[in-house]
Structure formats: C-alpha cells, structure tokens
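4 protein chains.
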Amino acid sequence: MSPIQGVYCPNIVPYNADRSINEAELERMTEWLVEKGISGLYPNGSTGEFIRLSFEERLRVVEIMARANRGRVPILAGAAEANIDLVLEAARRYADLGCRAISVTGPYYYKVKPESVEYYFREIAAKSPIDVVLYNIPQFSNEITVESVQRLALDCPRIVGIKDSSRDMPRFLNTLHAVKPQRPDFAVLVGCEEILFPTLMMGGDGGTIATSGVVPEVVMRLYKSFLKGDFDTCRDIQLKLLDIINVMLQAGNFPDGFRSGVELRGFKTGEPRQPLGPTDGKTVEQAREVIACLLADCGFSEAARYCRRHQGARTGPKTFNRLDVESIVREVIRDL
Amino acid sequence: MSPIQGVYCPNIVPYNADRSINEAELERMTEWLVEKGISGLYPNGSTGEFIRLSFEERLRVVEIMARANRGRVPILAGAAEANIDLVLEAARRYADLGCRAISVTGPYYYKVKPESVEYYFREIAAKSPIDVVLYNIPQFSNEITVESVQRLALDCPRIVGIKDSSRDMPRFLNTLHAVKPQRPDFAVLVGCEEILFPTLMMGGDGGTIATSGVVPEVVMRLYKSFLKGDFDTCRDIQLKLLDIINVMLQAGNFPDGFRSGVELRGFKTGEPRQPLGPTDGKTVEQAREVIACLLADCGFSEAARYCRRHQGARTGPKTFNRLDVESIVREVIRDL
Amino acid sequence: MSPIQGVYCPNIVPYNADRSINEAELERMTEWLVEKGISGLYPNGSTGEFIRLSFEERLRVVEIMARANRGRVPILAGAAEANIDLVLEAARRYADLGCRAISVTGPYYYKVKPESVEYYFREIAAKSPIDVVLYNIPQFSNEITVESVQRLALDCPRIVGIKDSSRDMPRFLNTLHAVKPQRPDFAVLVGCEEILFPTLMMGGDGGTIATSGVVPEVVMRLYKSFLKGDFDTCRDIQLKLLDIINVMLQAGNFPDGFRSGVELRGFKTGEPRQPLGPTDGKTVEQAREVIACLLADCGFSEAARYCRRHQGARTGPKTFNRLDVESIVREVIRDL
Amino acid sequence: MSPIQGVYCPNIVPYNADRSINEAELERMTEWLVEKGISGLYPNGSTGEFIRLSFEERLRVVEIMARANRGRVPILAGAAEANIDLVLEAARRYADLGCRAISVTGPYYYKVKPESVEYYFREIAAKSPIDVVLYNIPQFSNEITVESVQRLALDCPRIVGIKDSSRDMPRFLNTLHAVKPQRPDFAVLVGCEEILFPTLMMGGDGGTIATSGVVPEVVMRLYKSFLKGDFDTCRDIQLKLLDIINVMLQAGNFPDGFRSGVELRGFKTGEPRQPLGPTDGKTVEQAREVIACLLADCGFSEAARYCRRHQGARTGPKTFNRLDVESIVREVIRDL
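Protein chains in written order, with my numbering: chain A, 1 to 336; chain B, 1 to 336; chain C, 1 to 336; chain D, 1 to 336.
Next up, chain A with everything else stripped away, as it sits in the complex (with noise of 0.2 Å):
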C-alpha cells in the first residue's frame, strides 16, 4: 500500500440554502483539489464538520468525493462514528469506496480513562478491513496519549499513523521519538499549519492542513520546498501561513473563516449548519476582507474584488508581499 505522506486536504462541506449538502458545488471542489496537486483528499475531518452530519450524509460525502477523484489520489476517510460498530460500518463502505484508510478521533462528549481509550483503538483495528489513522485532537475529544500510540503502533498492523492535531509541538516530537525507530513506516502527520515545516524538518511526514483547501498551491509550494532541501522558502511561506490561519480561526465559529476562504476562492459555500449570532457573523464579515485582501495578495485574482484595503491591521494585506506568488501557481502547475 501506498505510505501515507504528504499534504492532505481537509476539506469544507458546501452547503444549500437549506442547509441540505451541495453536492454538485461538493464534486466540483473535489475537482479542484486535486487539479492543484494535493496530495490527498480528507473527507470528514473536523473541517468537513462531520458532527454535524448525519451519518448517512457522512457516507454520501465520501461517495460523492471518491466518485470525483477518480482514483488520481489516496483518500483518508474520517470514520469517528458514534460507537465501534457504527465506526466498523462506515469503513466498511469506505474500503468499498477505494479509500486509504480511515481516521478515527479518540471518543468524545464523556471524559474516557486513557486505557479505555486505547482499547477502543484496539478494538477497531482488530476489525477494520481497512488501514486506520488516529486522529488526536484533545481539545474536542479524549486524547491519545503518546504511551498508548506507541503501543497501537507495535501490536496493531492496522493502524498505520496518526494525525495529530493538538497544536503541541512537543507531544509530536514525543510522539515521533516513540513511534519512528520501531516502526518506520508509521505515518506521523500534523493537524495544524501553523508547524508544518517544523514537523516536517523533524522527521515528520506530512500533515492534514485545512488551509490547503483554501490555498492549496501555497501549502503544496511549502511542501514541495521542503522535499528538494529549500528550508528559506519553507520558513517564509510558513509564517506566511499565520496570517491567513490566524484570520481565519477568529472568523465566527469554526470553520466559517475556511468556508470564506473557499468561497472567494469561486465556490458556493451556503449557510452555515450553526447559526451565527448577529456579532459573530460581524466578525465572519471582517474576516471575509481581511481573507480576500491576503489571497489577493497571493495573486488568487477571483478574491481581488472583495478586498478592500483596511489599515494598520496586524494581519493585513502586505504580508505576502515578498512571495512570488505567480511562480508558485506556475511551479505547482507544472508539477501536476
């Protein structure tokens, strides 16, 4: 099987006005992504807002995202599902799907004892038929702890890496130095742009990066930079990546800032399945501006028009200045 590496996309879910899925708006983001080069699909992750899905529309996000796909890349289905069973049918039909594997979090809602956490990793690789990626993402759900990776990593064949996305730098390095020398192969990526290259220059092997369904030929340029040894250009477009995160964690609730960025990117996005009060959808609209100025800025011309030049803002528009933005668009181009 192919190892899983690289930049994966967790993408958005474009809505109606409804709030019924977009499919058509859905298939043709698809499209997108993978013509800029990402390195593979995500559906379902907590961008795609999977809690808020049922589990039917869970299973008709993947089917309509591997339909449009293709087969050109992997695809990491999340698969964090109410209980074990349920996580056992939805990869199921994954592994039916074509997909890679399946990212699962560590149980939410209730504080579960660690041990109880890793047996219910146990529990699922023993049954999978398809290759698992821990999800670790403490601040929404029951951690992972480094001990208990280590462990699903030597007895589970099934679980092949983990995501993690706690923003803990040194738990990742920990959880590097634990996994790595036994099992090389064991995928340790990084849920949180904000240290990508630093993951990746530690041995890291890739991340799952919402932002890259925003600016997918900038995530993919710091990737790409990193693999041929050009560590200057990954620190610049790595601090350059605050900005545009930084923007977009602050607008409204998560993910509203992404589904911005992705509709002044040309897609429909709708309405948010969580309503916005009337100041935080102020802040969704501020955001918006902020958002279009920097993608302006990167030379991604649909957005021009919706920027509108704010002064003195700390993240403001000429940040980006001194990326050659045009050559990353043609490099990445010329890749693909």
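What the hints contain is simulated information worked out from the structure, not anything from laboratory work. Just so it is clear, the structure is predicted and the values come from calculations on it, not from any experiment. Be aware that a few hints might be false.
[Said to hold, decoys possible] Among the chain D residues that face chain A by a calculated CB cut under 7 Å, a handful are: (1) R167; (2) P198; (3) M201.
[Claimed, not checked] Distance condition first, Cα-Cα at most 27 Å in a straight line; then the derived DSS-like pairs of lysine-lysine: (4) A:K113 to C:K111; (5) C:K224 to B:K228; (6) D:K282 to A:K113; (7) C:K113 to D:K127; (8) A:K228 to D:K224; (9) D:K282 to B:K282; (10) B:K228 to C:K228; (11) D:K268 to C:K113; (12) B:K113 to C:K282; (13) B:K224 to B:K180; (14) C:K111 to D:K268; (15) A:K282 to B:K111; (16) A:K113 to B:K282; (17) C:K282 to D:K127; (18) C:K113 to D:K111; (19) B:K113 to D:K113; (20) C:K228 to C:K180; (21) D:K127 to C:K127; (22) C:K113 to B:K282; (23) A:K268 to A:K36; (24) A:K282 to B:K127; (25) B:K113 to A:K111; (26) A:K268 to B:K111; (27) C:K111 to D:K282; (28) B:K127 to B:K180; (29) D:K111 to C:K111; (30) C:K111 to A:K111; (31) A:K282 to C:K180; (32) D:K111 to B:K113; (33) A:K111 to B:K111; (34) C:K268 to D:K113; (35) B:K111 to D:K111; (36) B:K224 to C:K228; (37) B:K127 to A:K113; (38) C:K127 to C:K113.
The beta carbon of each residue, even a glycine, is placed where N, CA and C say it ideally should be.
Go by the hints and put chains B, C and D onto chain A.
Just chains B, C and D now, with coordinates in the frame of chain A:
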C-alpha cells in the same frame, strides 16, 4: 401544561451481549422507575449515552419508554442531535409520542461562541412543536451562559426551563436570580445529586438525578422530605447520597458505575458500548462491591449477596447505618 | 480555644498614593469592621493581596490590625509564605500577636503533586506554635484534595479547619462528610459568598466572606438569621448578595471591585498595586456606580451620592428593593 | 549592548541540609556552567525556584553567581517580585552587579486582565535602569498575549526580548512573525528544550534551557551545530534531549528531576524546599536511576556508578547510543 418539577430520572440504556439495545429490559426498567414513584422520565440524557446511540436508536429508546410509561409520568426527551434540523425532526417524533418537552445541550465537539450558542436555541425554540429545556453541561458541550439563559427565558415561551449539570452552585443561583423574578414558571433543575437539597432550599424546582435510576426510593424520599419541610432528613439523605454518587463516578468510564448500580437492583445491563481496558475494568469490579454494600445497607436486598465487607474504605458500607431505610421504602410506597 | 465559626472578614489593604500601606486607614477600617459585628478578622487573605505585599508588610498588616482589634474578635492570619520556614516564622509572630490561627494556601506557582501538598501541611502542623487552617483555593494554588483534608484532620490536632474558596459545592459537602463524623470540631468554612447560606444549611461553620468588608451588616444579618432558623430571610439575602459580588468580581482585576466598595463606605483605598490598563480602568469606574446604587439601596448613605441610575442593567439598583435594609442595620446594631 | 542569544542556563539552587542556600556549591556550579561553554546565566528562573526563596535570598543568588562569573558571560536575572516597586528595587541591584537584563513573569496567583498585564510591563519598562526580558509562562502566571508583546516591543526600547515557556510552538511563531519584521533585535527565546531546534530553524534567537544545567555539553552542541548549519545533528540531539527532559519532568515535583540530574553531575543539591510525600519521593529515586543511565550513555562518567540497567523502560538508557558523546565533549571544549 404541567410544570416541570421534581426528580426526573436520566436512565441508563441496557444492552445485549452484542451491544444492541435490550428492549425488553429497558421496558421493564421503565415500569420499575414509574412504580418507584419517580416524578418524570428522562431518556437520552448523558447517563443514557445518547452520544453512543444512532439517531434511530435514540428515537427507539423514547418510543419504548413512552409505551411502557402509559402516560403516567411526564417525559423529558433528550434531543441533542447533530444539527438543528435533526433536533427538530426528533422534536416532532417526541411530540407525537406525548413527551412533555425535549432537552437539548449546547452544541458539542467544537467551541462555539456564546452568542451563536444562544442563536442555536433561538432557532430551535422558534420551530419546535414541543417545549424545550436547555441542558447546560459545560464539561461536555458549549456552555449556555447565564446571560443567554436570561434572554432566552424572556424571549422564548417555548423554552420552559434549564437543566444545569455544571456542578457549579454559584452559577445555579445566578440562574435562579436572573430568571425567576421575571418568569417564575421557568423550571430551574439541577443535574448533580450532590447539591439537590441545597438547590431546592434556594428555590430550585428539582433535578435530573442519575442516582435516581439506582436508588429511586432514596432520592424521592429526599424530595418528599423537602416538600414537607423536613430539612434535617433532607440533609442526612443528601450527605449519604454522596457515598453512592462518589463510588459510581469512580467506576470505569461514565456511566459504568450507574450501570453497575442498576444491575445490582436486578436488571441486565449487558456489554458497555465503550470498551474498558483491563485496569479500568477492575475499577468497575471494585466499585461494584462497594455499591453492593451501600445498597445492602439501604435495605435493597437484591444487592446484599454481592456485598463483601471491605475494611477501611472511605466510602465504606457503614455510612448508611443511621438512615432508617425500611421506613423510606415504606413511606415511598405509601405515597404512590 | 474558641472554635472558628461565623463570618470572618478578609479585608482589603488600603494604600497611599505611592502604593505604600495606609496604616491609619487600615486601623480605622479594622475598628469599623469590629464595630459592625464581624465574627473575626482575616488579614493577608487573597482579598488582602498578600501576594503583592512583602514579607515585612504582611507582618505589619497583622500587627496593625491586632492592635486595633484589642482582643475583641479572633484573628485568622494569612501566612501563605514562600516556604515552610517562612510560614513558621510568620506563625511565631502571629502567635505572639495573639492571633487565633494561621491560614495557609497550598503551595502556589508550580504544580505540586497532591501527596507532597499534604506533606507540606504535615510539616507545618508539626512545627507551628499556633493552630492552622487549610486554605483551599485551587484557582490560584495547588488543591488540597478532600482525601488529604480527611487525613490531615485525623492526624494533626494543630489543623483545626479548612477555608474552601474553590466555589465547588460538591467538594465542600464531600469535605464536611469526610471530616465531621470523626472530628466534629474541625471548622469547615466557605470562602465564596454565593453559597454561604447553602453551606450553613448543610452543616458548615461559616465563611471568610469578602463582601463582609463592604457590607458587614448584610452578611452578618444572613448569618444571624441562620442561627435563628429564619431560612426565608437567609435565602432572600443570599440571592441579593449575588448582585453585589457579581459587580465586584467584574470590576478591573481582583480585588479592585472590593476596593471600590470599601471606598464607597467611606475609606481611602489609594492606588492599586496592580496597575490597570485604560479599558480595564473603565470597568472599575462603571462597576463603582453600580456598587454605589446597590449600597444606596441597602441604606448605606455614604454611597448614595455616587449612585447615578442606569437603565436596564441586569445587576441594577432595583434588586435590593424588597430587603428592608434599615431593619437590618437596626438589628445588627442591637445585637452588638 | 550585546544581543541576548544562545543558550542561557536557568540553574537550580543547591541547598544545605537545613534548606538554606549552599552558597559554596552554587558558586562551584556557576564556575562549572561557564567552563562548559553556556552562552549566559539565568538565576532566579522557575528552575531556580525563585518563588520559594525570600527577596533577600534572590538577591544573594545573583550576587554569588555574578561574582563567580567574573563577567565572562551575560547574566539574565529573574526579577519576578511581588509588586512593581520590588521588581524595580531588584532591577537596580542587578544593574549594579553588572547583569545584562532582568526577566519578569506576568503577575502570578491572581488572574489579571491582559491589558493590565501589559501595563504592568509598561510601567516596569519605563522605570527600570536595566533591560527587561518578558517571561511568558502561562502555566504558572498570567499570559502576556502576542498582541501585548508586539505593542511592548514597538513602544518600549527597554524591553529587549521575550522568553516563552508556554510550550506552544504556534504561539512562538506568531510572536516571531509579529515582532521581528519591525524590531529584528528583539530576542525571541524559547523556554522549552523539546523545541529548541525547531525554534532556531524558524528564526528564534536561542533559549533558556533547564537541561543545560545538567548536560550543558549536549545542549551547546545542538546550538553550535545549528550555527554551522548541521541540521541532521541538531535533529538527532533534539530527539535525544526528549529522553532526558521527559524523565526529569516526571520526577517528584518540579524541579526535583533537575536537582537529581545536577547531583549526578557531581554537585550536592541538599534538601528540597518543597517536601516530598513518600510515594512522590519514590518517583524521584526511580527517575534518578534512569537519569544516571542516560548520563552514563552520554559519556558523563560521574553518573555511571548510579546507573543500574532497567529492562523495557521507554525512556531507557539505549536511546543515546548513536550520539557520539565523546566527540561532543571534545568539540565543546575546543570551542571554549
């Protein structure tokens, strides 16, 4: 409509060996709870593991319990679904089944801004065909701030109460103080048995009390003693309830301790949906014995044979001694 | 020795314009508190900003207050020093000044393991020349677990009580339940005015109540009403105390709101040691006006001229209406 | 003035049997650190237990170390005192002793609002006779937000850097990105050895690294390898440093593990100021053996006799094998 008050029981869900719902046992448990004099039923609460059931299973739980109840006590049905449209679909079903109201937590998993949490409930209130009880449990889902509760109580007649499981007594009192002067019919219920009597004393309307699924006689005795103004008995029972809840909270993962307690009262609870690691499993075994002794001391003979006396345990079996349990049972039965 | 019970006042420290201690005003405030009928004095508490004073200043505060008190009420002296040897040095000084006991928080700044926290108190208890009250305030210092409190109460006669400022009512009740059966003289005091009446009702011995430095008449009325079994008055005052404490907690940084309240009662409080940014300073100004109105409504005429009525504020001035404040003052004075 | 960069050592304080400071050993340790090639000294950091010393002891520590240093390396002196006036008094003393700058944490114990934290530093910056380094350690004291750091860097020439011990790599990068473009001389130092190399790679200026008090040779090797562009060695050492820091963080209470490590390098560290319970004491014993083995594997012969091999431990002694430690020592000595 009847006001929401007294002790509602957030029952556990019994499973079969294959982790499917044991419908016969759920029906029998419902009958037992109603016979024991519980004020109301509360399916699909946190104790009811709503998050580990599928949407269809949650509907089924309410259907079974409503049928077994035969209209004898009001039903507050948990409807914390994945998105507003699913909440409303559940609400319609529960209205058809004759439920008194639905209970809805703040959105879970993601962090949602307080104002947007409020607008989530505003939309539900505007469209629900049935009364709504806010369910504040900030340990597991986004907090509904006191300010939001106050505004929702004033603006939304459909919202008829709050169940506060925050374990935060100052917050509970601030809620009472913010809401009751302008809307005295708004039910303020506590979801934490440790402070049931203090909240009643301060003007609370009752609670959703998980231990009432294990010792309904004891919890109802506290409530009825309060109604009679017998505060000394309330205090005695309140302190003794601490022993029971403390042991149950320490066993395995929530709600494993409650499942053990229910089993000791004579019900099959089956395999837990969240698997237990071996060490965590031992804590359930140990807790089970302590619970058995506590129940035996309360006069619940079903549990007596599982009680082997332990020495020196803090939450040991002697703590219930001075409570004349037989008189409790007699009185509860007489009141029915 | 006299048991520790009733309402102890953790007073603020008045400063001069240069932020040195205003000793004359501290003396005058002490006299005022004793005259108002407070059960005991509590210098160097958190409200007394012990952490912002030097070691010598803390000694000086107790010296001034002990002198002004002239033995009329017991003094509980805060002695949360940098290390055990300094705690003991302070204890010797406070013993010489005739204090009733010292109060010591868990170690602060670092995270210390629970067992080591317990051994910190074991050593203090073994060597202190004066009784010790545990001070649990997990927001700011390492928690003293209920299990540790129970063991310390059983093993250390020098430790005569706990002041619990955790705001955690279940924890308070578990402490009562764990300690009182075997050591009924062990004082369990609450450090959170929001729940003073509920804790008294459950068997607590009183509290260290910061608002008693601003409205000693009101807080003492609650306590005396409880002793008389007049629970309706207790409940009314308890709910109304929420307005006062809520406003004071929102003003600037702790304890700026309490400093404003004391100032409105006629004392010079001077420059705060922790500087206020301009926006934060405005919150103090705004809170000051609300506090003034609350005090005016309580009949405290010193504050009336600073009260300008605001419309629509939740914690507005009307909340105290039904409380016959003149009768409070009259009764408190009669009791002296 | 010399820029603040490289690796500063936040040394522990050795005590006597009576817990007073062992001044002779502190002097000898200072000499040893300077000889080992450390970039700068950092007395009164968190590792230096500033919070457990008296004001006079903190002054004394700096005096002893400044004298032993004899001007060879710059000294960053911790001056996180109880209030601004005491911070400034310490600053004057440390200026007289020739220190390079003071380091000041956000106010501790109470929660202080972010703007007021900023104004605390504005006042210190305006009045200090010596340069100031912000010390961000939100685990133990109020956070200094990135926005505040940016404004302070722009407005206050006296503030010359930040030491960030938050362990939060995204925050570190946001600080770099917010400050460096406009003030390139502002030192951004990391206080977390787990991420020293990644922060250097991204443009950081160095760190205050507690393990440098135990293995200065190893940490300096990492830093010097970075300066030479030898990133592979940096990565290898970085990962291996994890073993050392992990064990030291698990031993007893902070900084007991560091004290054990220093003892194994041949210094008397004496009785800890924070007493250890018996179980916690055992964790120090166990950690001590693991540290001894790690040090032995690094070629530090003083520690070898305390190393008894353990089987199967994750942070076992074999992890340092591939690091040619003798060459490290040789190179460091050659560089002096």
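We went through each hint and held it up to the structure:
no.: 1; hint: R167; result: 6 Å, holds
no.: 2; hint: P198; result: 4 Å, holds
no.: 3; hint: M201; result: 6 Å, holds
no.: 4; hint: A:K113 to C:K111; result: 22 Å, holds
no.: 5; hint: C:K224 to B:K228; result: 24 Å, holds
no.: 6; hint: D:K282 to A:K113; result: 25 Å, holds
no.: 7; hint: C:K113 to D:K127; result: 38 Å, violated
no.: 8; hint: A:K228 to D:K224; result: 24 Å, holds
no.: 9; hint: D:K282 to B:K282; result: 25 Å, holds
no.: 10; hint: B:K228 to C:K228; result: 20 Å, holds
no.: 11; hint: D:K268 to C:K113; result: 24 Å, holds
no.: 12; hint: B:K113 to C:K282; result: 25 Å, holds
no.: 13; hint: B:K224 to B:K180; result: 22 Å, holds
no.: 14; hint: C:K111 to D:K268; result: 24 Å, holds
no.: 15; hint: A:K282 to B:K111; result: 18 Å, holds
no.: 16; hint: A:K113 to B:K282; result: 13 Å, holds
no.: 17; hint: C:K282 to D:K127; result: 25 Å, holds
no.: 18; hint: C:K113 to D:K111; result: 22 Å, holds
no.: 19; hint: B:K113 to D:K113; result: 20 Å, holds
no.: 20; hint: C:K228 to C:K180; result: 22 Å, holds
no.: 21; hint: D:K127 to C:K127; result: 42 Å, violated
no.: 22; hint: C:K113 to B:K282; result: 25 Å, holds
no.: 23; hint: A:K268 to A:K36; result: 18 Å, holds
no.: 24; hint: A:K282 to B:K127; result: 25 Å, holds
no.: 25; hint: B:K113 to A:K111; result: 22 Å, holds
no.: 26; hint: A:K268 to B:K111; result: 24 Å, holds
no.: 27; hint: C:K111 to D:K282; result: 18 Å, holds
no.: 28; hint: B:K127 to B:K180; result: 24 Å, holds
no.: 29; hint: D:K111 to C:K111; result: 16 Å, holds
no.: 30; hint: C:K111 to A:K111; result: 22 Å, holds
no.: 31; hint: A:K282 to C:K180; result: 55 Å, violated
no.: 32; hint: D:K111 to B:K113; result: 22 Å, holds
no.: 33; hint: A:K111 to B:K111; result: 16 Å, holds
no.: 34; hint: C:K268 to D:K113; result: 24 Å, holds
no.: 35; hint: B:K111 to D:K111; result: 22 Å, holds
no.: 36; hint: B:K224 to C:K228; result: 24 Å, holds
no.: 37; hint: B:K127 to A:K113; result: 38 Å, violated
no.: 38; hint: C:K127 to C:K113; result: 22 Å, holds
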